[in-house]
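A.B. asks: Just so you know, the protein sequences line up as chains A and B, in that order.
Under our numbering, the letters of the first sequence match residues 1 to 625, in that order.
Under our numbering, the letters of the second sequence match residues 1 to 145, in that order.
Keep in mind that a hint or two might mislead.
Unchecked claim - Label pairs and their in silico Cβ distance ranges: (1) 35/B / 118/A: 37 to 47 angstroms; (2) 430/A / 65/B: 49 to 59 angstroms; (3) 85/B / 28/A: 30 to 40 angstroms; (4) 111/A / 70/B: 39 to 49 angstroms; (5) 70/B / 122/A: 53 to 63 angstroms.
None of these hints come from the bench; they were simulated from the model.
All residues carry an ideal CB built from backbone N, CA and C; glycine is no exception.
Chain by chain, the residues:
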Amino acid sequence: MSTTQTHPEAGSVPGGGRGANWKAIVASSALPAGIVAVISTVVSRARLWPSERADVARELVAHFKDGLDRGRSADELVRDFGDPRAAGRRIGKAARGKRPWTWQVWRRGSQAVAAGLAVTVVGYGVLAARFAMGEATITRNIASELNAPIREIPEADRAWPAYRAVLIGSPDAPGFIVKQRATQLPVGIYEIRIAAPGQPAPEHWAEAQAWTRSIASELARIRAISRTPRMGYLLTNAKDPGLVAANAGLNARVYPDDVPDNNPVLWTVLLEPLGYMRAFARDLSLDAQVALSEGDSARAVENLATMLRIARQVDGMEFLISDLVAIGIADLAWRTTQAIVETRLDALSDADLAQLAAEFARDQNPGALRPNLASEGAGFEDALQRLFTDDGGGDGRLTPEGFAMVTRMSEGYVEPDTRMSTEVSLEVHALGPVSVALTASRKETRARWEQIMAEVAAIQALPMWEWAEHPSAPTDRFSDEDKARYPVLAVLVPGAGSAIEKSEFAHQRRDAVTVAVALERFRRATGAYPASLDALVPAYLASVPRDLMDGEPLRYRLTESGPLVYSVGMDRVDNDGRQARDADGKPVTHQPWMPVADARARQQAGGFASQLVYDGDMVLYPTPR
Amino acid sequence: MRIDRDLMRGAGPLAVLKLLERRPMYGYELVEALNTRTEGVLDMGQSTLYPMLYNLEAKGLIEATWQTADTGRERKYYQLTRDGAARLAADSAQWAHLIAAMRSLGLGGPVARGARMAWGAGVAWGAWAMGVVPASASRAIGGVA
């Protein structure tokens, strides 16, 4: 074998150029066309760097020339070579294996990245297509379902149309809204309380008298309408043109472009009566006090009874928000009664007291005037059918519109009108496919909703002294991860825990004023207050109300200044009616519920931890000063 | 006789390493040697040989150098590396054991040049012809000298 020589072979590339283009190498080889074609195919298919291609071309040129020199024909050589395309692929693969390790690493990395990108793009494409095709199938008109029993109520037995007439009035006689609009009531007028005999009238008392006098006819009609069994309000998302006109000029939002839906989204329906009933209740409370100061106890008591009847009408509207408004109206009635009993007990006749006792007793059953979680079920069902697809088996995924909706609502954006906006932004289209793939399905969302509602309801079903945890606990356990997984629940799960607690304390105020009325009736009948509350049963009380804190009968003491009714408070320690006070000496009239173990632990810890646990009792009657 | 591709996959590279054990060879030389010395048993197409050479080079078992002959023709010569020599020795031993085992099963009867060979014996003969199987194993194969 010779070593390197300097005599170029005929047909070789002039200059022996290793850097020569491979085509030039093949072209200058003077090999038969068939062989040239084989070499060209091999080199082309190899997909190598130019220098590598030149190397392969040069070697194959030498190979075939050696074969021809051995007397083989071009055809034989071409035949024996095999498939040049396959050879090119294999040579290319093998030759790339000879490249530096840095190139190998880069190549593997690039392949991995490309593969990852391809998978991501394909995967995202699949998700995007799936997302875009999501469409809700609305099969129920839930508003209509809720309206059906209301439509069966005779018009005369529905309170709302009559209330509406009071609000709107007539062309000849301005209604309540117009009168209210025309009267500049001072701020705080609804917080004033009737003064005790001999005491100066509270600030704005004259305005209160003037105002209630001006709406006397409306209040009289309201008292009558309150005796109608049902509110009878038909759900709609259409603005009431009469109310809109009456409120024109006030700071009220008016949307003239509203077109009523035949199948409105349930959480966008207008519950028009709620705000107006609260307004009625405030004026009835104010008028009750004015009436009593004028010696008209019958009107005062009738106002209080009217407020409770309105509360029951609102309570029957089958929404959680209406439950809460009803409780608020009833609580106002109870607090107004307490204020009257504390300052003008003498102005109430025996008949008045009996009427009040009877009225309060009407709401003693456990479900009355309390938040009803079941009333949220209709809204939730409507949300499911509008926000999710429906596979026919009760399952589905969030639609683009649904995703857009919950995103807006989770950001605190409240729809400005009564329509559920179906706008799906580019951002939603971009983020939705992946987000929806990670969120819970329709079935999973329903299951989790039912679980949370059941947990809250289980706590609510117990008396407060048997609570192991606050009714907010099930929703408090809804973590940020849960909110991401269940975005619909993040915006729709009602924060009923706090409302449940407040409702219970409101009922305790009712119990206290019920006991106060019973004590007064006993005193009037016997000449003295009883030694214990047991003496009031059954003539003046069906039973002695329980202390929410420990389930024992409400505490009662007879002091020099009169009877004292109290709860042991959050520390569950009976302090003989010593009112808990804050650092400034002000009476603490509300202590949020916590488990007794927590309360004890906080007291022992002292300092900041103990600030929510007050040493002392909660005096319920009379109002502590 | 055409050898099954799967069998060739294992024997081909070993045969090339064995040929290069003696001296460097260029591509066409290897083609001829594989064909003539094994009577066509290890005759593989060049579309298979050249990729095989590139693979062996990538694995560091052989290395290539360009050399110019007296005629001026440039050829790429392949020669065994140290790693290639070690691999050759190790694989040779394995082949010897394999052939002995096959023989013990009755595979690969008496061997004669040009005779029909049973499955496995063809490869074994080729390996022996290449010198892959040491002479000491020849008795196990059947006394082929």
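A.B. asks: All hints, please: hold or fail.
C.D. replies: Hints and how they fare:
{"no.": "1", "hint": "35/B / 118/A: 37 to 47 angstroms", "in the structure": "holds (45 angstroms)"}
{"no.": "2", "hint": "430/A / 65/B: 49 to 59 angstroms", "in the structure": "holds (58 angstroms)"}
{"no.": "3", "hint": "85/B / 28/A: 30 to 40 angstroms", "in the structure": "holds (38 angstroms)"}
{"no.": "4", "hint": "111/A / 70/B: 39 to 49 angstroms", "in the structure": "holds (46 angstroms)"}
{"no.": "5", "hint": "70/B / 122/A: 53 to 63 angstroms", "in the structure": "holds (59 angstroms)"}
Of the numbered hints stated above, none is contradicted by the structure.
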